[in-house]
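Engineer: Sequence:
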Amino acid sequence: MALLTALGPDFYYWIESLLTGNDGTQSYASVFWYPCPSNWLYDLIRYPEDVLVDIPLFWYGGAPLIVLGFAGWYLSIRSGRDGLGRIIARSAAAALLLLQLHDLLLVDLDSALSPQCMDWPGPPDMVSRRVAMDLYFQAPPLLVLLAARSPRRVFVRRGPLSRTTVAVLTVMATFLLAAESAPPGRVSGEYELDCAGFGNGTARGLSKAEKNFLCTVRGHSFYDEGGVAGWTDVPDREVLAQGRHLCGLAVQHGGDVNARAVREAPQASLTGALASLCPEVAQAQKVEAQRMEDEETAYVAKKEKSCAAHPRHRPKIRPVRQRRATMWTEFRSINGWEEGYEGTVPDMVKDLVGSERGALTIWAADEIGHACVTVESYTRRPPMEIRGWEEVVEVGYDSPSGSLSLVDGSGDRLPGLTSAGPGSYRVRVHLRGRERVTQYLHAPDGTVQLLIMVFPGKSNKPVVYK
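In this note's numbering, the protein residues as written are 1 to 466.
Read the hints as simulated data drawn from the structure, not as lab findings. Possibly wrong hints are sitting among the right ones.
Below, simulated BS3-like cross-link-like pairs (lysine-lysine); rule was C-alpha separation at most 27 Å, straight line [said to hold, decoys possible]:
| id | residue 1 | residue 2 |
| --- | --- | --- |
| 1 | Lys208 | Lys350 |
| 2 | Lys466 | Lys302 |
| 3 | Lys316 | Lys466 |
Simulated DEER-style distance windows between Cβ atoms [claimed, not checked]:
| id | residue 1 | residue 2 | range |
| --- | --- | --- | --- |
| 4 | Arg312 | Ala443 | 21 to 29 Å |
| 5 | Ala298 | Arg260 | 37 to 45 Å |
| 6 | Gly205 | Asp412 | 45 to 53 Å |
| 7 | Pro266 | Thr297 | 32 to 40 Å |
| 8 | Asp412 | Lys466 | 53 to 61 Å |
| 9 | Gln322 | Ala196 | 44 to 52 Å |
| 10 | Glu356 | Ala298 | 52 to 60 Å |
| 11 | Met133 | Pro266 | 42 to 50 Å |
| 12 | Glu356 | Glu296 | 40 to 48 Å |
| 13 | Gly248 | Pro311 | 53 to 61 Å |
Glycine included, every Cβ here is placed at the ideal spot set by N, Cα and C.
Put together the whole structure using the sequences plus the hints.
Structural biologist: Below, the structure written as structure tokens:
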């Protein structure tokens with residue numbers, strides 16, 4: 001009976017695969033921001049377990065080991081050595097019990113100490129099947145122990161092994177039943193709430209908005225690491241009740257989570273997640289975001305209009321191309337890069353322009369601001385222009401690919417600066433307006449103007465013309 005019980009699942013899966021073509025494989029992956037008690041223990045026993053399950057004796061539910069134990073027991077009985085036979089059979093049964101028992105113990109440990117960790121072994125349906133199979137595979141060794149017991153006619157007190165086994169199984173069953181139940185104090189996990197949005201969550205009685213709110217509070221949404229402090233282990237019902245109360249306060253103030261009554265509420269730390277639960281807050285935040293976007297668009301348009309109002313530069317010789325743009329920076333400079341050299345920031349000459357192979361940097365603002373930029377590309381050296389400019393500096397530039405582009409802090413680009421392809425160039429930068437923006441906190445829009453000339457040239461020596 002023990003042998004047939006051990007072989008049963010393998011026969012079932014073999015027949016199922018022949019009939020359906022399904023090999024029964026199911027995989028699951030999870031990422032956790034918090035440690036689970038069972039993870040550390042699992043790492044300790046994983047290697048010995050992998051070694052054991054690769055031994056043929058433990059294949060097919062331990063059927064070979066059962067056959068070996070039965071053979072040792074039978075031969076010992078035939079030779080009159082009953083005690084040795086029982087030792088052999090019980091040793092085989094103990095090995096199988098230990099191999100299957102640790103999975104149950106780890107699940108019980110998580111369900112008792114950290115309910116949130118119940119997601120890491122797999123989805124609830126997968127965990128339930130896994131636990132059921134682990135319990136099933138306790139049957140063969142228990143049947144072996146039953147078959148190898150000493151014949152007794154009267155009731156006797158069982159040995160420590162039997163008592164310990166019964167006690168462990170009873171405790172595990174108690175914890176598993178508690179973990180599978182859903183009392184008001186339940187803390188739903190990431191998979192149950194379907195935080196990834198795959199549509200396979202198992203939590204019942206919760207709306208999509210409530211699930212999204214719990215996911216954000218628990219720290220399971222995509223950009224959240226750790227959730228809302230103090231609320232990650234609070235039961236679902238309590239979190240939702242406090243969220244609804246906070247939503248009610250926000251609604252009284254037009255959905256504004258920055259209203260004093262909302263900010264001073266005991267559950268104010270939930271405001272960051274409130275939009276997913278409270279439609280009025282979500283709408284208010286949408287309106288505010290649109291207002292800020294419109295304000296930003298108007299701000300940028302005003303600066304661009306100021307730059308466009310400057311007279312266009314009239315070059316003394318015809319350039320290959322001329323481009324104008326309003327360029328922004330939050331770190332004093334704008335940069336020019338070729339592919340593979342992004343992020344390189346050369347030292348500047350006279351705090352105006354610097355270059356390295358594949359990289360260029362040009363001063364554009366006093367910390368944060370914008371500059372009105374004109375870029376001209378030439379095939380030969382253009383005449384010098386000094387009049388009307390406060391600073392003029394020229395440096396050498398080595399272009400590895402002939403595809404230099406200026407990039408500002410907002411990601412806008414001015415491409416095609418190196419018109420002659422890869423090779424050596426000179427970069428001449430003209431500037432006016434630096435003194436004014438450094439002396440006045442609110443200098444007029446379009447104060448900083450840059451004229452950047454790029455042309456072929458062999459020299460690497462920097463030259464300060466003004």
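Engineer: All the hints need checking, so say for each whether the structure fits it.
Structural biologist: For each hint, the structure was consulted:
For the proposed pair Lys208 and Lys350, the alpha carbon gap of about 59 Å is over 27 Å, so the pair is violated. A hinted pair counts as satisfied when its Cα atoms are at most 27 Å apart, and Lys466 with Lys302 does not qualify at roughly 31 Å. Restraint check: the Cα-Cα separation between Lys316 and Lys466 comes to about 19 Å, which is no more than 27 Å; the hinted pair holds. For Arg312 and Ala443, the Cβ-Cβ distance of about 22 Å falls inside the hinted range of 21 to 29 Å, so the restraint holds.
At about 29 Å, the CB distance of Ala298 to Arg260 disagrees with the hint of 37 to 45 Å. Taking the beta carbon of each, Gly205 and Asp412 are about 50 Å apart, inside 45 to 53 Å as hinted. The hinted window of 32 to 40 Å between Pro266 and Thr297 holds, with their beta carbons roughly 39 Å apart. Between Asp412 and Lys466 the beta carbons are some 28 Å apart, a value that contradicts the proposed interval 53 to 61 Å.
Restraint check, Gln322 to Ala196: a C-beta distance of roughly 51 Å satisfies the suggested window 44 to 52 Å. Checked against the hint of 52 to 60 Å, the C-beta distance between Glu356 and Ala298 comes to roughly 38 Å, which is inconsistent with it. Judged by the Cβ atoms, the range 42 to 50 Å given for Met133 and Pro266 holds: they are separated by roughly 46 Å. A hinted range of 40 to 48 Å for the beta carbons of Glu356 and Glu296 is inconsistent with their spacing of about 34 Å.
A hinted range of 53 to 61 Å holds for the C-beta pair Gly248 and Pro311, which are about 60 Å apart.
Against the hints set out earlier in the document, violations occur for numbers 1, 2, 5, 8, 10 and 12.
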